[in-house]
Amino acid sequence: MTALTHITAGFLPLLDSVLLVLAREKGFAQAQGIELQLVRETSWANIRDRAAVGHFDIAQMLAPMPLAATLGLNPLAADMITPMVLGLGNNAITVSDDLWSAMREAGAPGNLDALGTGQALAKVVGASARKLRFGVVHQSSSHNYELRYWMAASGIRPDRDVEIVVLPPPLLPDALGSGGIDGYCVGEPWNSVGVATKGARIATVKAAIWRSSPDKVLGMRAAWAQDNPETLAALIRAMHFAAIWCGEPANHAEIADIMSAPAYLGQPAELVQRALDGRLDIGGGQIAAVPDFYVPFAHAANFPWQSHALWFYSQMVRWGEVGFSPALASRAAATFRPDLYRAALAPLGVALPADNARLEQTLPARSVDGLAMGPEGFFDDRNFDPSQLENYIESQRDLG
Amino acid sequence: MNGAVGYPHVHSIRAFSALALFVSSGISARQMSNAELSILIIDENRIRATIIEDGLREAGHTHVAVIHDVNEVGRTIKETMPDVFVIDLENPKRDMLEHFFSLSRAIERPIAMFVDRSDGVMIEKAVAAGVSAYVVDGLKKERVKPIMDMAISRFNAFARLRRELEQARSELEDRKLIDQAKAIIMRTRGLSEADAYSLLRTTAMNQNRRMVDIAQSLITAADLLGP
Chain A
1 MTALTHITAG FLPLLDSVLL VLAREKGFAQ AQGIELQLVR ETSWANIRDR AAVGHFDIAQ
61 MLAPMPLAAT LGLNPLAADM ITPMVLGLGN NAITVSDDLW SAMREAGAPG NLDALGTGQA
121 LAKVVGASAR KLRFGVVHQS SSHNYELRYW MAASGIRPDR DVEIVVLPPP LLPDALGSGG
181 IDGYCVGEPW NSVGVATKGA RIATVKAAIW RSSPDKVLGM RAAWAQDNPE TLAALIRAMH
241 FAAIWCGEPA NHAEIADIMS APAYLGQPAE LVQRALDGRL DIGGGQIAAV PDFYVPFAHA
301 ANFPWQSHAL WFYSQMVRWG EVGFSPALAS RAAATFRPDL YRAALAPLGV ALPADNARLE
361 QTLPARSVDG LAMGPEGFFD DRNFDPSQLE NYIESQRDLG
Chain H
1001 MNGAVGYPHV HSIRAFSALA LFVSSGISAR QMSNAELSIL IIDENRIRAT IIEDGLREAG
1061 HTHVAVIHDV NEVGRTIKET MPDVFVIDLE NPKRDMLEHF FSLSRAIERP IAMFVDRSDG
1121 VMIEKAVAAG VSAYVVDGLK KERVKPIMDM AISRFNAFAR LRRELEQARS ELEDRKLIDQ
1181 AKAIIMRTRG LSEADAYSLL RTTAMNQNRR MVDIAQSLIT AADLLGP
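Sequences listed follow chains A and H, in order.
Residue 1 is where the first sequence starts when you use my numbering, and the numbers rise one by one after that.
Residue 1001 is where the second sequence starts when you use my numbering, and the numbers rise one by one after that.
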């Protein structure tokens, strides 16, 4: 037997670290000749820095993090890429019981609908004597951009009408419970934890704001990917099999059990399983079925669409984090590497998307390139054409 | 909408209540001259914070402040106007601190991560030691380097101390378990202390296990079987 190749991976206690955890715990990594060591971190800044200096070969990263690193928005500028997405969805927007009562009075439908819920929040924000404060997990996060997109499309100017602060995921429920923040956008299990321990309410979900959109990615230094092509391909295959296994409803109970361990999430298995099953207790004992809440494999979930990278770039420009130029846009797009994903899975003969980018538009579930695709698009039915990036950014200027 | 108006562009309209406290400061006179640096240590571990503080004072720094919670950073900045921030990497609120600094970029007191402009070896050493630093823009690298060197070496010394303490503690625990197992053997088999110890050791060697594991099994078994 040949020796296993050692890979060190950093992760944060979030449900979508599950593919890394399963790759290790269920032997998918080992079957590909990889000894996968997992290191739990306390902040995204540590993930970024330890990946940059090489303590981690790879890491669970927020989808916009490879862009932020490559575009030099971070300290420790380093070229980062992602060849694989760790699943679609998984985030929600959770609000305090007080805020929910006010939103309810303002007409919030209570069914997670992003449009009606956003309009109700806009009314509450407009009438509020103080600025409401919302927590996100990091500036360069899909949480930050989704929350802002949702607010802006609902008539709330995120930089003027509310305050957006940054807190690590496990601290958000406590911050809400102590009244430090009124709401937050975070990945599971931290919405369910807020509901279970702080009487919070899940107001809407990522799967409603931007359907079939990425949240975390498998991130790494571009140099590591270049120097270790075979190891990387083996790793992608291991993660691919982990993703397939994770997508099987019959495995959810076992997965929830594994993830509930103190070394991973340290939360009750029952609570962890809600997101896997897409059956959320959204507050007050009301159970909502959200079949696409977290999609680890189906709908080409692991494919790194460059149109997703470009959407994140459009939002970085929109909120003043970086300027617009065609050169920066192409650098941003190039951090998502569908070529590496395809190359790794080609030997398996599985169906793969033929395009690198796509029009992000309102579409129902359908089949593309032999793949079953999920419903797509933004809740406000505005389409994003990556070839019209500048126009898209321009069209959002008046929205906050 | 509660309408805040008059902001020139999107950079400057991000608001954070605590941040507003030090908006007016601008770049301090301190960093322009050779005058002494003001240093803020942010560490949830009080003992380690004290060790770093002592090190800085021994090196002749007198403007040193310590906080244990990132939430206090807004107030402390107003009071002490730090030029250098030293923070431990275990701190889960590091993302919060960086966001706070990124907002400050627009407010005339830009703060950057020190390792950003230092050499690769320094970065590696700092991250490995579990410490990071942020400095006010314009501050010369040479002025911060001795502070970082001191912080790195004291973080490493603290980690070593903690490991040694942990080891001593676990050795003490092991000894207690072995003594307890020895007492059980002496009582049930009527052996002397030396013979009981020897029996434990031989059993461990024969089974290729550690003595403390054998002792633990024996204690568990004795508990199960009753008095």
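No lab work stands behind these hints, which were simulated from the structure alone.
It is possible that part of the hints are untrue.
Unchecked claim - Not the full set, but computed from the structure, chain A residues with beta-carbon under 10 Å of chain H: (1) Glu-35; (2) Glu-41; (3) His-55; (4) Arg-237; (5) Leu-348; (6) Gly-349.
What the hints assert, rightly or not - Beyond 12 Å from chain A on every Cβ pair, some chain H residues (computed): (7) Glu-1166; (8) Leu-1172; (9) Ala-1204.
Since we're looking at a predicted model, the values are computed, not measured.
For glycine and all other residues, C-beta sits at the position ideal for the given N, C-alpha and C.
The hints, checked one at a time:
{"no.": "1", "hint": "Glu-35", "in the structure": "violated, 22 Å"}
{"no.": "2", "hint": "Glu-41", "in the structure": "holds, 9 Å"}
{"no.": "3", "hint": "His-55", "in the structure": "holds, 7 Å"}
{"no.": "4", "hint": "Arg-237", "in the structure": "violated, 30 Å"}
{"no.": "5", "hint": "Leu-348", "in the structure": "violated, 37 Å"}
{"no.": "6", "hint": "Gly-349", "in the structure": "violated, 42 Å"}
{"no.": "7", "hint": "Glu-1166", "in the structure": "holds, 18 Å"}
{"no.": "8", "hint": "Leu-1172", "in the structure": "holds, 25 Å"}
{"no.": "9", "hint": "Ala-1204", "in the structure": "holds, 29 Å"}
Hint compliance for this structure: hints 1, 4, 5, 6 are not met, and every other hint is.
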